[in-house]
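Participant: Letter by letter, the chains look like this.
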Amino acid sequence: AQSVTQLGSHVSVSEGALVLLRCNYSSSVPPYLFWYVQYPNQGLQLLLKYTSAATLVKGINGFEAEFKKSETSFHLTKPSAHMSDAAEYFCAVSDWGTNTGNQFYFGTGTSLTVIP
Amino acid sequence: DSGVTQTPKHLITATGQRVTLRCSPRSGDLSVYWYQQSLDQGLQFLIQYYNGEERAKGNILERFSAQQFPDLHSELNLSSLELGDSALYFCASSVGTRRADTQYFGPGTRLTVL
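Order-wise, the sequence lines are chains A and B.
Our numbering puts the first sequence at residues 1 to 116.
Our numbering puts the second sequence at residues 1 to 114.
Bound-form chain B, shown alone:
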């Protein structure tokens, strides 16, 4: 158990819909990262927040957005969903923003778009 929690574990929805994925980091960690894992794209970095502020942005679509709240939990919002958005979405957390910081991963949310 990494200490990172993600809800829900599974999510099934239809094209065009909007969903919210939730992540709680390990106690004491200030950074939260979101990754997408799919068969064709592998593990792709989406976005990072540190203590409530966006710090790094990767291959995140404009239809996707995220935020980190004062209690440090984070939410990833996916809108206008397409079939290709079906994937595993992982949240990870770390103490800070150093390159040497270990990222601890949650169990993931499996999103299926029908």
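The shape of chain A in the complex, shown without the other chains:
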């Protein structure tokens, strides 16, 4: 089965500083990778996804991620953190499920704190 590992369950950055959230994947087939954000008491919102079209993927709210096959990584970055970026971030890999279905495998999440 495929899996993702998110290094760092908590990350703190100053407002205006670079945001870097790490995600490494394990996959026996070309992966499809997703980043989601979860604000308190809300559902998950898609930030961006990689589906093999381009290795540098741009998403919403100024976030982007780069797929690096050699490093099996899909790290999420944002050049300048805003207070509104404080949330939980999840990396996910999509895999075939049982009986021709599909499912996501999620990482354990990274809680981002932005310090004013």
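One should not assume that every hint holds.
Said to hold, decoys possible - Derived list of chain A stretches under chain B, where covered just means 3 residues or more per stretch with a C-beta under 8 Å from a C-beta of chain B:
| no. | segment |
| --- | --- |
| 1 | 6 to 18 |
| 2 | 27 to 36 |
Claimed, not checked - What follows is a list of derived Cβ distance ranges for each label pair:
| no. | chain 1 | residue 1 | chain 2 | residue 2 | range |
| --- | --- | --- | --- | --- | --- |
| 3 | B | Asn59 | A | Gly8 | 20 to 30 Å |
| 4 | B | Phe69 | A | Gly16 | 45 to 55 Å |
| 5 | A | Ala1 | B | Ala100 | 16 to 26 Å |
| 6 | A | Leu20 | B | Ala14 | 36 to 46 Å |
| 7 | A | Ser28 | B | Lys57 | 14 to 24 Å |
| 8 | A | Ser80 | B | Ile60 | 38 to 48 Å |
| 9 | A | Ala53 | B | Leu114 | 46 to 56 Å |
| 10 | B | Gly84 | A | His10 | 21 to 31 Å |
| 11 | B | Gly84 | A | Thr5 | 22 to 32 Å |
| 12 | B | Lys9 | A | His10 | 45 to 55 Å |
| 13 | A | Pro116 | B | Ala14 | 36 to 46 Å |
| 14 | A | Ala17 | B | Lys57 | 36 to 46 Å |
In case anyone wonders, no lab produced these hints; they're calculated from the structure.
Every residue gets a Cβ at the ideal spot worked out from N, C-alpha and C, and that includes glycine.
Dock chain B against the given chain A, drawing on the hints supplied.
Facilitator: Below, chain B alone, put in the same frame as chain A:
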């Protein structure tokens, strides 16, 4: 707003009881997924339905069952509830069953078992 709706938003019940969670997918989406989010287990995939048929099964307990109706809404039934079933239950929907399909998540149902 993802377009996926879930009811109820909160549910408080007692051990041994049975509850039903409801999900309406985005317009045009045929796949519905159920996930459980808890502090100790994280986000766990439970089950997927596509156009009324079960397509993938994850870590779903035998006490739990789901179905997708002809109008494509889905229900997750949880029975013989235990304290450990307290969690956030998310429904997601997508167009189809391709690995590249984005899953759009609803706001979740918070289940508390006392």
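Participant: All hints are to be evaluated individually against the structure, with a verdict given for each.
Facilitator: A quick look at each hint next to the structure:
By the rule of at least three residues with a Cβ nearer than 8 Å to a Cβ of chain B, the coverage given for the segment 6 to 18 of chain A is violated, with 0 such residues. Residues of the segment 27 to 36 of chain A lying with their CB closer than 8 Å to a CB of chain B number 3, which satisfies the three-residue condition for coverage. Here the CB-CB span from Asn59/B to Gly8/A is close to 25 Å, well matched to the stated 20 to 30 Å. Between Phe69/B and Gly16/A the Cβ separation comes to about 49 Å, which falls inside the hinted range of 45 to 55 Å.
Checking the proposed 16 to 26 Å range against Ala1/A and Ala100/B shows it holds: the Cβ atoms sit about 18 Å from each other. Range check, Leu20/A to Ala14/B: Cβ separation about 45 Å, and the 36 to 46 Å hint holds. Between Ser28/A and Lys57/B the C-beta distance comes to about 20 Å, which sits within the given range of 14 to 24 Å. The given range of 38 to 48 Å is respected by Ser80/A and Ile60/B, whose C-beta atoms sit roughly 42 Å from each other.
Judged by the Cβ atoms, the range 46 to 56 Å given for Ala53/A and Leu114/B holds: they are separated by roughly 48 Å. Against the hinted window of 21 to 31 Å, the Cβ-Cβ separation of Gly84/B and His10/A comes to about 25 Å, which satisfies the hint. Checked against the given bound of 22 to 32 Å, the beta carbons of Gly84/B and Thr5/A, roughly 25 Å apart, stay inside it. A C-beta distance of roughly 27 Å is found between Lys9/B and His10/A, which places it outside the suggested range of 45 to 55 Å.
Here the CB-CB span from Pro116/A to Ala14/B is close to 44 Å, well matched to the stated 36 to 46 Å. Taking 36 to 46 Å as the suggested C-beta distance range, the pair Ala17/A and Lys57/B conforms, at roughly 43 Å.
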